[in-house]
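K.L.:
The primary structure of each chain is shown beneath.
Protein chains: 2
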Amino acid sequence: MNCGEGIDTRQVDELFINLDPIQAGGRLTTDAMKAVLAYGDGYSVCDNCVKPFRLDHISKPPLADFHRDLADFLQMDVARLVPGARRGFQAVAGALVSPGDPVLLTAYSHYTEFLSVEQSRGIPFEIPADELHIITPDAAAARIEEVIRTTGKTPSLMFVEQVDYQYGNLHPVAKIAKVAHQYDIPVLCNGAYTVGIMEVNGKELGADFLTGSGHKSMAAPAPSGVLATTDEWADKVFRTTGIKGDLTGRTFGIKEVEMMGCTLMGVTSVGMMASFPHVKKRVKEFDRQLQHVNTIVDALLSIDGTKIQSEYPRKHTLTRMNTIDSFDKVAKTHKKRGFFLTSALRERGITGILAGSTRVWKFNSYGVSKEQADHVARSFIEIAEAEGLTITG
Amino acid sequence: MNCGEGIDTRQVDELFINLDPIQAGGRLTTDAMKAVLAYGDGYSVCDNCVKPFRLDHISKPPLADFHRDLADFLQMDVARLVPGARRGFQAVAGALVSPGDPVLLTAYSHYTEFLSVEQSRGIPFEIPADELHIITPDAAAARIEEVIRTTGKTPSLMFVEQVDYQYGNLHPVAKIAKVAHQYDIPVLCNGAYTVGIMEVNGKELGADFLTGSGHKSMAAPAPSGVLATTDEWADKVFRTTGIKGDLTGRTFGIKEVEMMGCTLMGVTSVGMMASFPHVKKRVKEFDRQLQHVNTIVDALLSIDGTKIQSEYPRKHTLTRMNTIDSFDKVAKTHKKRGFFLTSALRERGITGILAGSTRVWKFNSYGVSKEQADHVARSFIEIAEAEGLTITG
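Chains as they are written, first to last, in this note's numbering: chain A, 1 to 393; chain W, 1 to 393.
Calculated from the structure, these hints are not laboratory results.
The model shown is predicted, which means the values in this text are computed figures rather than measured ones.
Any given hint might turn out to be false.
Taking lysine to any residue and the SDA-like style, the derived pairs with C-alpha atoms no more than 25 Å apart in a straight line are [said to hold, decoys possible]:
1. W:K51 / A:A355
2. A:K244 / W:G100
3. A:K60 / W:F340
4. A:K236 / W:G100
5. A:K51 / W:K332
6. A:K153 / A:Y183
7. A:K60 / W:V12
8. A:K175 / W:L247
9. A:K153 / W:L247
10. W:K178 / A:D246
11. W:K60 / A:T9
One chain only, chain A, in its complex shape (with noise of 0.2 Å):
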């Protein structure tokens, strides 16, 4: 079956329990899904685009109120739609780094946060975790003062991760964030793993900028996502454009610079809004997907040999694990090698893990059911006792 010359239909959500680690939170919704069919065309978004025409003006589809919902979602001033959290990087990096700055980052930072450092030609500096994997406050600290003593700047910006793609761990940013304060640093939390998953308080984090992702963890069609900021930052980082046609006089209205003028302007936009609804509900509903990570967890660890390198309990559904003392053994000798774990687990109507892991994998087990879940953990020792591995506890 396919959908368009040489594309084959994607059945991958439909057919299997998918633990892939960055696609779990970004499937659509039924409304989503509606939406992306009636919105699919262009520009569908600018039907009744009237004075001062912005899109977060927009008030049919009603674009105008999902702004004004995101940024009091976020607990934030003002929000934007972005294509993609790391357009938000781009933007607060445009409007913040100055070549030569020093900007502050972490050992877990995304690499679209350095693109955009890179991109403003910004100098990064990695504040880096403990042994627990956790970038904490004391770290912080000592990082700026170094940065401040070595290069005589203090940092223009630092970008934080709420969870960390690497990880999947929870990380003090309120601490971090008042840390960063104390010595006049902006801090951007990136919230592309948490915005839509779990509740968010910008406020309370002490954000300056949030951004979160509509592709990764809000139910969205790419590229989609967030930039949220406060009244103090909004004038600068969504300034107005200032520029003008030399000969003709022409102004560009009340278009925003960095957002380089209307943002979205079709299914993603509207791919996120009518998954919101749902999106607000879900994140009250996070303890449950804990309890889901938990169990999957659980039976991993009652392999003998398997390690989690992720923080235990989870916080988070995205999760690291380290099996090899445990399903690498079995690959070194599996006429399957690597891909024998993969493979079984797929026999079972399982998918998303990195095919042929056995050593250090990911899995993000985000919007699974109590039944998934439980289906999952047995699963994993269904194979390992197969296998000829021991399960303990």
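Assemble chain W onto chain A, guided by the hints.
P.N.:
Structure of chain W alone, referenced to chain A:
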């Protein structure tokens, strides 16, 4: 009917002949509609992403082939998908324009071209249009000379629209580029209204950079587009990351700085790709579309007092009319005021012209059939006759 809380299902192109200036080329094909459903989920194209982990290397769905096909289609060397043509402008300006650099645009440059210059802190200089609303090579040469003389610097970039958004006129890009190249000024040709609509040959145009818009002219969902360039410029605008985590030593593979890594990870790229075979076919049938727009324009011009502001006969379907001395006279005394025209069109199943317009207004008939063009032409005449305007010719 709705497709989510408070979101009415959009039914425009299903129910009407849509003459909206910016929407005509962005209507999805049936294949693209299937694709948006199948690939609606967040990171849906990442299922089979393997080393070197970049969107343009994914072979299933066939994005790698699609990137090559796009470059061939445009007769350029390299192509990348971008979240709208504007993000192509941003990438090129980001790579080429330093603060204080003079940058050439035209009297008809789109606001997003200006925003990209503003973001890079360049200084804009417009090339004026002649009395026929065409940007000429002579005007370009004169402006270049003047800018060099007054600023002491050679502009670092020239933007030029192949077809502009104000008049829908076709500008002599090849000749303009030839002039620019005599001064070693690289040329970005904005093909937002042409790529996907008519045959565009980047080499013949002499474009160093060529942008297209998926949601404006390639039957794709928003935000989507293409930025293509030559081997000469690819290393600069698509340069790969060189930044490094100073403590962890992390580097970030072959991600491209100005692209912010991967760009369109789902519905947008697959939507573009699904429409692409149809787009390749339709650009060869553009002559028929010109016949249709001229049919409509001829009907309008037969209404006494009506003028066309675009070049005539039409070389593009986007067209600017002046009905100050015809429909606007009616509006002055009509009980519906200026809304009588768009209201009467709507009764005849025609939409997309800015509601209330009776003075200077634009339409884009791209995609209509002969029967639809005849119906639109007849409708304008019937409306004019019903309001007592004289038809001649």
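K.L.:
If a hint holds in the structure, say so; if it does not, say that too.
P.N.:
Do the hints match the structure? See the list:
1. Proposed proximity of K51 (chain W) and A355 (chain A) is supported: the alpha carbons are some 13 Å apart, at most 25 Å.
2. Proposed proximity of K244 (chain A) and G100 (chain W) is supported: the alpha carbons are some 15 Å apart, at most 25 Å.
3. About 22 Å separates the Cα atoms of K60 (chain A) and F340 (chain W), which keeps this hinted pair within 25 Å; it holds.
4. Simply put, K236 (chain A) and G100 (chain W) have alpha-carbon atoms about 20 Å apart, close enough for the 25 Å limit, and the pair holds.
5. Between the alpha carbons of K51 (chain A) and K332 (chain W) the distance comes to roughly 23 Å, so the proposed pair stays at or under 25 Å and holds.
6. Note on K153 (chain A) and Y183 (chain A): the hinted pairing holds, with a Cα-Cα distance of about 11 Å set against a maximum of 25 Å.
7. Distance check on the hinted pair: K60 (chain A) and V12 (chain W) sit about 13 Å apart at the alpha-carbon level, within 25 Å; holds.
8. A distance of roughly 22 Å separates the Cα atoms of K175 (chain A) and L247 (chain W); the hinted pair therefore holds under the 25 Å criterion.
9. Distance hint between K153 (chain A) and L247 (chain W) is fulfilled; the C-alpha atoms sit about 19 Å from each other, no more than 25 Å.
10. Among the hinted pairs, K178 (chain W) with D246 (chain A) is consistent with the structure: their alpha-carbon atoms are about 24 Å apart, no more than 25 Å.
11. Taking the CA atoms of K60 (chain W) and T9 (chain A), the gap is about 11 Å. The hint holds against a cut of 25 Å.
When the structure is compared with the earlier hints, no violation turns up for any of them.
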